[in-house]
Structure formats: structure tokens, C-alpha cells
Amino acid sequence: MNRAKVERLAPWITALIFLMLWWLVVKIFHIENFVLPSPIEAFAALYNFRYPLMIHGLATLGTTLAGFALAVLFGLVLGILVGSFRLVYSSLYPLLIGFNSVPKAALVPVLVIWFGVGTIPAIITAFLLSFFPVVVNVATGFATIEPELLDVLRVLGATRRDMIMKIGIPRSLPYFFASLKIAITLSFVGTVIAEIIAGNNGIGNVMLIASSNFNVPLVFAALIVVGVMGVGMYAIFALLETRFTGWSVRGGGLEHAVGG
Amino acid sequence: MNFIEVADIDLIYGDRSGVEDGTATLALSKTNLSVDRNEFIALVGPSGCGKSTLLKLISGLVKSSQGSVCVDGEIVTKPLKNVGMAFQNATLLPWRNIRDNVLLPLEIVEPYRSEPKSELKRARAEELLATVGLSEFGNRMPWQLSGGMQQRAQLCRALIHSPSILLLDEPFGALDAFTREELWGVLQSLWMRRKCTVVLVTHELREAVFLCDTVHIMSARPGRVIASRSIPLPRPRTLEMTFQAAFVDLVHECRHHISLGKTS
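Those protein sequence lines, which keep their order, are chains A and B. Counting from 1 along the first sequence, just add 3 to a position and that's the residue number in the numbering used here. Counting from 1 along the second sequence, just add 6 to a position and that's the residue number in the numbering used here.
Source of the hints: derived by calculation from the structure; they are not laboratory data. These numbers were taken from a predicted model, which means no experiment stands behind them. For every residue, glycine included, the Cβ atom is placed at its ideal position computed from N, Cα and C. Hints should not be assumed to be uniformly reliable.
[As the list claims (entries may be wrong)] Lysine to aspartate or glutamate pairs mimicking EDC-like chemistry, simulated, CA-CA at most 16 Å apart:
1) B/Lys-127 x B/Glu-116
2) A/Lys-169 x B/Asp-106
3) B/Lys-87 x B/Glu-113
4) B/Lys-87 x A/Asp-165
5) A/Lys-169 x B/Glu-113
6) B/Lys-201 x B/Asp-219
7) A/Lys-30 x A/Glu-10
[Unchecked claim] Facing chain A, from chain B, some residues (calculated, C-beta under 10 Å):
8) Arg-102
9) Leu-110
10) Trp-149
[As the list claims (entries may be wrong)] Part of the chain A face toward chain B, derived, beta carbon under 8 Å:
11) Asp-154
12) Val-155
13) Val-252
Please build the complete structure, drawing on both the sequences and the hints.
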């Protein structure tokens, strides 16, 4: 087996080993299934409840993507501002960090008071949890532009807009895509938290109801659904990243630098 | 009136009141400099003497604390437009190929900016790349080129919009000796082909004497111009000339001025 093949199979093998360890632990210690179900029971629940899980899974996915889209938009604009204006940076950054330190789960009840039970608090929680990495990364991309490069543009008579469009945005794209991979997974966390605390549908709501019925295998089936969706979205953004920012990854062994 | 006229410039980093107690730095003090149109000059001096600062003053990127800078009869109060600049780092955009990097100024400077992206502009970039020996490399990405080739590309970018002033801040400082001397020739022929006013900051005296019409020597901080030496050698100058007595004497003379400036 060649190296590339091993690398492709490795994550599947790791997942398999993890499931086997899980199964072994349950068997060896005779753990009851309302405490920790075996993976077989979890997958059985996944199969038995496949329709409700699919419907609620799609609801969670929709909510997550809505919160994520807001986070990307807001994060991009704020990141550009924070990264390109010193004053915005120094005035806003402490507030942002303070805000990010607040546990978002604690905000969900407040959001429910404002917007009622349902999808909107979940979208907002997903947004709140995931915008921060986008802001920080985009701002870093902008703030680390070589000053000489800005000088070159300035003495050509470039406007601020020129500098953002020609240098800032392309330069911060690798940072931006890296942040998307973090933000999408955080966005799932935010949605599910809000659904558990105050949802009337979605995977989080399924988990809440299942656990109050002591249907722990279903809780784990729901967790698997969230995990798989997270990995799937991550993979999509990783793919986009290599498409759009290939320049930031040198070589790839295709061509070599020429001397002279 | 000279094309560039720097008159009695003081430049302080920090508060003027801080110069005494050391919280601020007096980078330039009572500095004067005159440059003719299409003259090629060098600023040389010990490190930290404010050479690069003086360069930025001329371009308008830095404001003086006292005194004035005039370019083409007008006092410089904000960054000039239509200036070419090149640095020790090539600062090429890694997401653009070499040709598009060279074309960058044409997307910003008028009147080219308003013109559509045309074959004409492309041809202009190709022609310039050919004069520095990069005709085959327009489609390459910057990281695929060696340091010397990146510097050639940077020179093309600095010149494509036919600037009236070219400001060079140790452009060959990071290169090995052979590549550096080769690029002296490249720069000289570029300049002889399309004349513009060039201010070169360097700490390499042979480079200054090889390339320039006048070498201005600066003192240690706070910097000011303590001697100016015109270089009467005929052009085009060749590397062979750098071993001849006339050239070596000029380099020695400049070095002597620098050592005087360090002790004063």
C-alpha cells in the first residue's frame, strides 16, 4: 500500500478504532445503556429514528448555516475595519475579547426573552459563537501586510479602497478560509446549545426529549448526526480553501524555483 | 530651483520635548539636499543615520518636524503620486504572477487606471521584463523565482508607469555579491533607456559610485549630509571600471568622509 492510500484511509481507521474502544469499555465494565450505550445501540437508534433525525438534522443544518452566514458577513466587515484602522483596533478589541469570554449558553435565556422560543435564538447563538474567529483572522491578515508594500501603493496615489481591494482582501484570504473551518464547527455547537436550552425543533431538541425519556442511545445517535454534519461542512470549506488560496501553499512539487 | 530641494529638515520620532531625556529620537538635523531632474544620486552613511527616513521625506510618506521638501517646485505635504519605489524585500504579491505584479501600478496611477486592461499594457510589461532578462517568466509565480530575479521584477514594477522619481531603499542589500553587481548593470541600462530622477539609499560605496552622478554622504545620527561628491566617470560604466584607479580612488574618498562623519 502506498503512502497516499494510507493517508486517505487513516481517518477511517482511527474512527473505527475509536468505536471499538467505546464498545470494549461498555462491555468490559458492564455499563447500562441508559448511562452509556454501546456504539451498536447508538447506530441502531440512528437507524430506527432515521426519519425524525433527518428532519431535525436538516433543521439544525439550516439554522447553523444561517448563523454561520451572518458570522461570516459580520466577521469579514469587522475584521477589515479592525485590521486596517488602528483606532478601531484599539477601541474595539478589548470589548470583543470580553464579549467572546462570555459563555454563550448563559445568553440563550435572554435571547428567548427577546425573541421567544424557536429558531431565532439558535441562529443568534450560532452567530455569536462563530463570528469571533473570523474577525480575528481577517484582522490578522490585514494587520500583517508588509508596510513597504503599503508604501509602494501610497506613493502611486492609491486610495484606501485600492489598498483593501488589491492587497488586503487577497492577502487575508488564507486567514479567512482558515477561520471558516473553525467558525462552521463552532456554529454547530451554538445551534445545538440553543436548541437544547430553548428549542422546539432541531437535533438539540431531539436530544433534550430523548434524555428526559432516558433514551440515551437516541441522544448518542443525535450526537453522531451533529458530528457527521460538522465534519462534512469542514471538508467542504477545506476544499474551497485549497481552491481559492492555492498560492499560499508553495510548490506541491509541480515546479521548482529557477536560479539566476 | 532644483527638481528635489530638501531645506533645513529636522525630523524627530516622538515629541520634540523628548529629545533631551531620550524618549524621542532626533533622526535628521538641519539636513539639506538638492537633486537635479533626471539625476541619479545615492545617500550613503553609517547605519541608523536616517538615509531611509530622508527617502520617505522626499516621497511625502513622512512629515518633517521642521524645514521643507520641494519636488518640482511644489512643497510636499502629502504622499506624492506617481513615484516608483523598491526595497530590500521584493514585496511582490504572492497571489499574482510576475506579469500581473509588474502591471499593478497601471491599475492605480492615472491615466492608465481609467484605460481598459489591454494587450498594450501587457506588451509594455513584457517589454520591460525582457530588458531585465525575465522575458520567459511573466507567467511564473514570485516564489518560483530566485531572490535576484524577484528584485528584477520589483524594478520593473517600480518603473512601468514611467515615474518621474524612483526611490530605491537598499534594493540589492539582500543579494549575493555576483547577483548584486549584475543588477547594477541592469539598473544602469534601465535608467539610461528611460531617464528619471533616482534616489538610491545604500551602504555599499562601490554600488553608489558605480551607479550615481552624485554621492551624498551622511553623518551618524542625527543625520545630515556632510559631503557631496560628484562622480564624473563616463557611462555606461562597466564592472571592469570598478578595478581601475579612478573608481577605487572615488570609493576611498567617500569612505574617508564616512569615517569623518562617525567621529564628529
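Violated hints, by number in ascending order, as checked against the structure
Violated hints (numbers, rising): 7, 13; every other hint is consistent with the structure.
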